[in-house]
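Chain by chain, the residues run as shown.
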Amino acid sequence: MIWLTWRQFRAQALMILGALAAVAAALAITRSGVADLHDVAGDQFPQAFAADSVYPGIYYVSAAAVYALPALVGMFWGAPLVARELEGGTHRLIWNQSITRTRWLATKIGVVVAITVVAGLVSLAASWWTAPLDAAINSGAEDSGFFSVTRLSGLLFGARGLVPIGFAMVAFAFGVTAGLLLKRTVPAMAATLIATIAMQVAMPLLVQPLLLPTEEKTLEITTDNMRGMRVSPGTDEILSIGVRLDDPGAWIVTNEIVDSKGQVATPLPLPKSCMPDEAGTAKVGPPANCAAAINDAGYRHHVVYQPADRYWTLQWIETGLLLVVAGALISFCFWRIRRDPA
Amino acid sequence: MSTAVRARDLGKRFGRRWALSDCNLEVPAGRVVGLVGPNGAGKSTLLNLAVGVLTPTTGSVEVLGSRPGAGPEQLARVGFVAQDSPTYGALSVEDHLRLGARLNPGWDESLAQARIARIGLDLHQRAGRLSGGQRAQLALTLAVAKRPELLLLDEPVASLDPLARREFMQELMEAVAEHELSVVLSSHLVSDLERACDHLIVLGESRVQVAGDIDDLLATHHRLTGPRRDPADLPAGQQVISASHTDRQTTLLVRTESPVHDPSWTVSSLDLEDLVLTYLRNASKQASAPTLEVLR
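Residue numbers (full-length UniProt numbering), protein chains in the order written: chain H, 1 to 342; chain C, 1 to 296.
The hints are simulated quantities; they were obtained by calculation from the structure and are not laboratory data.
None of the values given here were measured: they were computed from a predicted structure.
Please note: incorrect hints may appear among the correct ones.
Said to hold, decoys possible - Here are the simulated distance ranges between beta carbons:
1. H:A106 <-> C:R16: 47 to 55 Å
2. C:R17 <-> H:A202: 54 to 62 Å
3. C:P105 <-> H:F334: 37 to 45 Å
4. C:R16 <-> H:F334: 34 to 42 Å
5. C:S60 <-> H:L323: 50 to 58 Å
6. C:A219 <-> H:I2: 38 to 46 Å
7. C:G15 <-> H:E216: 28 to 36 Å
8. H:A106 <-> C:E174: 48 to 56 Å
9. H:L323 <-> C:P38: 46 to 54 Å
10. H:A68 <-> C:E174: 38 to 46 Å
11. H:I2 <-> C:Q286: 48 to 56 Å
12. C:G132 <-> H:L205: 16 to 24 Å
13. C:G15 <-> H:L321: 50 to 58 Å
As the list claims (entries may be wrong) - Output of the computed footprint for chain H on chain C, the stretches with three or more beta carbons under 8 Å from beta carbons of chain H:
14. 17-31
15. 42-53
16. 99-111
17. 156-163
We put the beta carbon where it would ideally sit given N, CA and C, even for glycine.
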């Protein structure tokens, strides 16, 4: 049965595994260069990385591959697994060999899950490749836009480590379930694509902040911890002030300006000392006494965040949660296949 | 004699439609059983219930004494070729044989190879590029080479031209004789089954209309022709299946165990096709009867 599963599945398997292998090869070839650049650039590594002609491209391609992996696995490996048999009527051939339906489904799922784990290694390869960048961010390297985003943030949390493998498992299980219920391959693939994207959007936005209790901090506003300011152009009111924690890789979930009573104060009036002077010093940021002026008026940063050192704990929790969902879907498939699935 | 298929109050509903209802059957083992009825009569439903691809809505079905599809042993005892002989289009003939060999402990490789050679299939040909007849033969080979005790075939010849039809049935009969199989095969044409079968089940309007050994059925059904009279006058033991009247003449189709002695009747025998069609006509009349009541 393993032979048959592989025989039926190898075309789709090799197509996706081939593409992932190409990505992994690019990562493997360039990794030592990234590490060398890290050693040379030190504190300036994110800027140096961003300025490189090759690395940002590889970074984007590998992140895209890791993000696309769950949808590909769900659509091309999960959805057709049972749907194609039901659609072509071949379930009536295979269910009448001397092997129970349960064992048939178990073998098919087992083989594809094993190959999905192999495919998921691309996520670990991408994490290994970006490790110098993550290390630089966590040790407080100079801010450099996109390449300074912490791996804990919702944007990147699903692109590194174990979480993508969890996503892929849920997408696969969903694809099998959709195929079993819809009995047609193409609608099952479409449903799987939609569900996978919805999951990848909903997890960081709705679920990830709830996985562990967050930390809270109220900080004085200083020139040192201030990271940019958004001012409404018409009214000269401050809309928000960026903040830098002394825990550089932390994921800031919310960042507000509060008044002395702890109430959200934005928008708040822009102090005179923050206005650009005649010489146009605003071009290089607000003058030094700007932060002090805001701080003296009783305003504070109020930050809700996840500390950087919880990264792996959160990875394991989220992956575990996803595997539970995948397991529940697969259990449903086994229950369903024993009934009247056709 | 043991029983190949036993159904008790078996029924299957799809949504609101009953595909099969009140089905009570005893199919003896060691026979070649024809399951005949028009399209949509419930033949496929009955066969799919018998192999466990479908589960009953009501009642129960036993195949060779066990619940269909109960486990690997039970699956090994029953061979099934589903309607349209499904095969894996992308897999070669050889792959199909390998599939059969790997998934069936009782697989008879020499039998499979010999059959494929006799039919003249190219081992490297993809199943998707075989003709309908070749595909049916490949599916039959898979089902026979697992060496089942009972072979169930759902409209095995429906997609075949007359020549392929005859060859297929011949192949089947040889396999049956060689391996002492019990067979149930369905068709909507009596002529497909007439030569091959020794037992007949007539399904119409999702119910069993009549079932029995073909010799018995032919020996107990008679066409009576005579002067016009009321069929209710007939002696007990003569069951009227159908009656038609002209102004002066009555033609009856009766079922009786004893010979007809009344000299006013001209007694003639029936062929199988007449017999089946009479039962099926009755079935569709009964099914539409409520509507007629309303119209009257």
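If you test the structure against every hint from before, which numbers come out violated?
1, 2, 3, 4, 5, 6, 7, 8, 10, 12, 13, 14 and 17
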